[in-house]
Structures are given as C-alpha cells and as structure tokens.
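Residue numbers (our numbering), protein chains in the order written: chain A, 834 to 1337; chain B, 729 to 876.
Don't read these hints as lab results, they were simulated from the structure.
A couple of the hints might just be wrong.
Unchecked claim - Facing chain B, according to a computed beta carbon distance under 10 Å, are these residues of chain A, among others:
id : residue
1  : GLU1221
2  : ALA1223
3  : ASN1292
Claimed, not checked - Chain B stretches covered by chain A per the calculated footprint, using a threshold of three residues with CB under 8 Å from any CB of chain A:
id : region
4  : 797-805
5  : 869-875
Just so it is clear, CB atoms sit at the ideal spot from N, CA and C, and this is done for glycine as well.
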Amino acid sequence: MRLFLFAIGGTGSRVLKSLIMLSAAGVRPVDENGRPVPNVEIVPVIIDPHKSNEDLKRTEALLTTYRSLRERLYGNAVNADGFFATRFVTLKEIMSEGTIQLNDTFIFNLGAVEREKFRDFIGYDTMNEANQALTSLLFADYQLENKMNIGFVGSPNIGSVALNEIKDSDEFKAFANVFNQGDRIFFISSIFGGTGAAGFPIMVKNIRQAKNLEINNRDVLRKAPIGGLTVLPYFNIEHNDDHRIDKADFIVKTQSALYYYKDTMTGANDSNLNAIFYVGDQEVSKPYAYDPGEHGQRNRAHLVEMVGALAPLKFAGMPLNRLSDPDGFPLQTSAFEFALDKDERDINFLTLRATTRRLVYDPMVRFHLLFLYLRTGFRDQVGQGFTEDAPKIKSDFLNSQFYRTLTDDFMRAYVDWLVEMHDNNRSVSLFSLGETDMNRAINAVGTRKSLLGRKNVDNNVFKAEMNRLSRDARYSEHTVEFKLLDLFNRAAQRIVNERYEGIN
Amino acid sequence: MKDKLVYLCIGIALTVLFFVFNEDIYEAMYYSVAFNNGLHNYDVYTPITIITILMAWGGAAVYYYAINSVRWDRWWHWLVMLAVVVLLTPIICYIVNVRMFNENGISMAAEAASFEFFNLVVTAVLFVIASFSMRWWSTNCRHTPIPQ
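So here's chain A without its partners, still in its complex pose (with noise of 0.2 Å):
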C-alpha cells in the first residue's frame, strides 16, 4: 500500500518532521492486533508556496537524507524492520516513464502561485469595476498585496483561491496516475493558518470530484480512503504591531474553518473524509517569533506535531472495512482526538497513554541508544569483536558517505528536534538531553534491579550482545550499513527488554 502524504503549510512541514524522526526509530503503522502493516510505502508531498520557509527547507533536507539512509541500508526494498524501516520515496521515482517530467523533489511545485502577488495571480487589474468591488470585499489590501512566495500569511481566502489551480499541475496528474487501487491518502495541515486550513478542503474536493478531471484513475481516485490530521491552535506568537497573523484570530479562524470542514468533509451528509484525526493543545507554548514568512519561520518542535505524526501511521494501519463501505465509498467520518495520561507540562514516557507508549517507546529509546552509542562508543570498537565478522566494518567505515550522512546530518538534526520539543511548552522530555551514560538516559525510566544495585547499560554490554548475535547470524551476504544496524537494533531489543524498568 502507498500512502501519499500532503503535508500542507508550514505546520505539515513540521509533523512530516516529526514523522521522519518516528520512522527513522522504526516507528511503523501496525494493524489492530499490534503487528506491522506490511507493503506501506509513504509517498510524502509538501505544498507550500513558501518555499524560503525554514521548516520547509528542514524538513525536505531531512527527506533527502533519510531517503539516502534508507537506501543504502534497505536498497529498493518495501518492507523492512528496525531503523528507517518505511520507505519515503518521490511522486518521480514511483512515475513511469510519460509525458509528464517531474523533479525528484518532495516538494509540489506551485508553478505561479510562487512567484506572484495575489492581485495578478487573480488578474484584478483587468477586471470590471464591479468586479474589482465585489474583490476588494472578499480581500483586505494587504490580502491583495500580498506576494505569494511567503505563502498566505494565515490568510485561507488567499489559499482557496491560489491552491484551486493544484488540480491542473503536473503533480496533481503524476498522482493521479500513480493511485492504485489500495492506496490510500493522507493529509496534514494546520486549521488556524492559511496555507493548510485552505489546502485541505481543496486538495479533498478535487479528488473527491476526480470523475470531472482529466486524468486516468478517475473512479478510483474518487473512493480512496482518505485521513487528514487537522492541527489545531497548539502554539503561541510574540505579539507585534503587524496584525496580519494574530493569536487572538486563532480561534475564531478554527471555529469557522471546522463549520466549513464539517459541512464539505465530515457531516453526517458530506463523509468525504474516511477518518480525521484533531490535535491540539490549549497550553500555551513558548511564543514563537512573529513572522509572516519574510523571515523564514523556523519554530521550535511541539509535542502537537509528535503526536500528530501518529495519525498517519494509525491511518495506514486502520482496516478497510472501517473505512469505505463494500463499494469503496467512505463511510460515516471516523474521528479521532489525542489524550495523554497525565495533563503535566513535562512529558515523558509515563505521561503517555499506554496505547502510544507501546507503539512508540520501544523505537524510540533504541534509538536514542543508537544515538549515544554512535557518539560514544562505535568508534572505539572498530576492529574489534562483531565488526571483525563478515562484512568487515574497518576503520574507514567511519569516514564513508553513509556515516558521516547518519551522524553529522540526521543525528544532528534529531538532537535539535529533541532540543525544541523540550525547549518547548509542554516540554517533551522523554530523554536526558546532554546525558551520556545509558542507565540514565531515558527520563522516568532506570534501570531494572539486580543482587549488586542496578543492572547496567553501556557500550560494552551493547558490544557484547552485538558479538552474540553476529557470532550466529549470517551477514556476508548484507553491506555493513546494514549489519551496524540491524545488530544494534536486535541488541537493544534486548537490552532495554531486560536490563530497563518495563513499562509497557
């Protein structure tokens, strides 16, 4: 199954992040019974017209990365299991060889949206004068001035009529061509912005009426299932002078934009969404540097989009029949909503249901123990113990693309992810940032209890069991990317089983 995922304003830039973070713990859509759903490949598709926007440019340079991980590890192969086990590829590499000429991005090219103003995007100097009236009360001046390529400033009249033109792109068709029978949609977007709260209702109306679209596909495009992750108000910004985006608008925008959600996509009448999934937070976060697009917006990571980034992979597990009836219509709207445990600003594994402790904890603190096992100890074991079997992982193993690729580009960015989502308000501290010895690493979590004290956790023990389990496995037929991996990961499958306090 494919999952094509529209991450849709800044907002869906940020969960898509959180999402990549997830999958690279191994973090994957499992079926009710808990098992891994097999065959899911996420096709991840970012509209913005701001492309200048930081979390934009993050999250895509993170794409990219991953992609490249993952290739190196697992090759073209669909499924697999433990680290960057999903598979993210583009709408390119999936396309056959056609007319249509696409970059191998996972960015959705706007065409004109991205270079224009509103007003010449909508040709208002060569409307009538009653038009230009009719305009004017639909649009503030600013709306009108507004130059695209910092997307629409919270401004979702702006994004109705801009993202209208989606269903004409050359990505709209590649996708359209590409749907199967048994894929499914997903999209994420924010509810009290622009780009988002607009893009979703667009994006699900044009598939939904795919029988009027010149496209191949058309009836099953038309009942695929289709989820979406509506982002709520969950963060705060810094008051400014410059009113074009105001916290106070938040609300009144969310309000109106769930009456229009629920009258096009999710009434009891207008089922056009198979499921929705609602997050959001009343706590207010950190204030986040006002900013309407010149600057860049980069935000620092929320709880809201970590969770978030779960629907998704709930979404792609869901089974069929809870969602389209026997002739593939959808069904009544299945919604969603989000609960922790605890209601504390300080999360950590414990504040979390036991429903999401159990798909994420174990991935996660593997992990992270991947994370401080490469920083601390990898090094110093080259050329000894497991790394000696076949294939050989040598000293310059440590200087190819793939290494430096893991540890300066991902592990970096997963230490700034871990960083702003506790720097945040809630703070998400699942982890000891900055703490390097294993036993203490996992917040709310020690070490199970032993004759002598504690039992311990360190390179060491993660060596020997990496030495046991490549003594008796067979990985001369694998690349060493591979072999690290994989051993590490059934090393700490084990070790946080039995040497950590259980909790799941």
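Take the given structure of chain A and dock chain B to it, following the hints.
Okay, now just chain B, sitting in the frame of chain A:
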C-alpha cells in the same frame, strides 16, 4: 562452521600427536642422558605431557569461554593469558618432576629447570594450537589474538 571444525580437528590431532610422540619431541628439544633416562624410567614424561596439554587447552578454554569478556578481547589480553599459562605450566611440571625423582632418590633440580625452560616453549605452542582450535565459538574473543 565447517572450517571451524577443521581447525578444531587439526588442533586435536596435533595435540594427540604430541601426546603420542612426547618423548621424541622433548628429547629433540632437550637431551641429557641421565635426566632423560630418569624421565623415561620413572614414567615422568606422561604426567608432564598431560599437565602441559591440560594447562594449554584449559588456559585457552578459560580465556575464550570463562573470561570471554569484551573488556578482555584485545590481543594483549590474550598475551597475558599466554604468559600466565606459559609460566605456570613449567613450574607445576618442575614440582611434579622433582617430587617424582625425589621419591626415587634422584636429585636433578638443575636439569629439571633447564628441561622446563624448553617445556615452556612447548606450552606456548600448545596454547596457540588450542587457541586457534577453539576460539571460533567464543562470543567476545573469537577474533583474538588475530581477527578471523
């Protein structure tokens, strides 16, 4: 797996050969008529050979399967074990040798010491043979002293 069993079989075969031809080997390395006659006549070769084999194989087994630690998996750790075995074995053999000679009214302490100096070399060779025979199944030290 097959290769590893071959190494083990070769190691055992070499050790058996040493046991069978112990007198010839020892005498080729060290020969003093009275002393070697004493070793032969009072059947001292056999216990010395058995002790040497047991110490070499036992020492290797202790290193690879009892110690078997990631903190003791470098070549110099193996060398420490070799040194311990190589020093301990001649001392034990010397004591056994002298005691058996004394029981028969013979005193050849100086020759026994010289003999054990050569037995030290035999022990080292046997320890190496034992190491390369059995190390393959060790969890943490199978690449010691030389990676596979």
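To see whether the hints hold, each was checked on the structure:
1. GLU1221: holds (4 Å)
2. ALA1223: OK, holds: ALA1223(A) within 10 Å of chain B, min 8 Å.
3. ASN1292: holds (9 Å)
4. 797-805: Since three or more residues must qualify, the claim that chain A covers the region 797-805 of chain B holds, with 5 doing so at under 8 Å.
5. 869-875: holds (count 3)
Every hint from the earlier list agrees with this structure, and none is contradicted.
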